Amino acid sequence: LEKNVGSLSATNEFLERQLKDSKTEVTRLKEELEKCRKEINDLKSEIEKGEQRLAECENKAELTSRYLADENSKIKQQKAEIR
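Residues in the sequence shown are numbered from 890 upward in steps of one, following the working numbering.
Hints are supplied without guarantee of correctness; some may be wrong.
[Claimed, not checked] When the alpha-carbon atoms are kept at most 27 Å apart in a straight line, the in silico BS3-like pairs for lysine-lysine are as follows:
id : residue 1 : residue 2
1  : K927      : K938
2  : K909      : K924
3  : K949      : K965
4  : K949      : K927
5  : K938      : K949
6  : K892      : K909
7  : K912      : K927
8  : K949      : K963
9  : K949      : K933
Simulated from the structure, these hints should not be mistaken for laboratory data. In this text, all values refer to a predicted model and were calculated from it rather than measured experimentally.
Start from the sequences and build out the full structure, keeping to the hints where you can.
And the structure:
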């Protein structure tokens, strides 16, 4: 009986250590998960800012292209009038 009690006590200690280690690991993983979520949100925010800047640049490029086409047309008209 004492042998069984000793064996059960050793098993209990082992399981308690495993439980403690598992809880520590769960806590570490939760912290890591939260860190990753924050990083993902930061990256999403950067993507949104980048997309906005891209849209602004595309809009400016379109306006510049139209302006240059208009100016080119005016120059061609002026050349035609000179001839």
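Against the 27 Å threshold, does the CA-CA distance of K927 and K938 hold or violate the hint? Distance of about 17 Å is within 27 Å: holds.
Is the Cα-Cα distance between K949 and K933 27 Å or less? Measuring from Cα to Cα gives roughly 24 Å; hence the hint holds.
Are the Cα positions of K909 and K924 separated by 27 Å at most? Distance of about 23 Å is within 27 Å: holds.
Are the Cα positions of K912 and K927 separated by 27 Å at most? At roughly 23 Å apart (the allowed maximum being 27 Å), K927 and K912 satisfy the hint.
Taken at face value, is the distance from the CA of K949 to the CA of K938 at most 27 Å? holds, 16 Å
Satisfaction of hint between K927 and K949, Cα-Cα up to 27 Å: violated, 33 Å
Is the Cα-Cα distance between K949 and K963 27 Å or less? Measuring from Cα to Cα gives roughly 21 Å; hence the hint holds.
Under the criterion that the straight-line Cα-Cα distance not exceed 27 Å, is the pair K949, K965 satisfied? holds, 24 Å
Starting from K892, check that the Cα of K909 is at most 27 Å away, please. Holds, at about 26 Å.
Of the hints listed earlier, the one the structure fails to meet is number 4.
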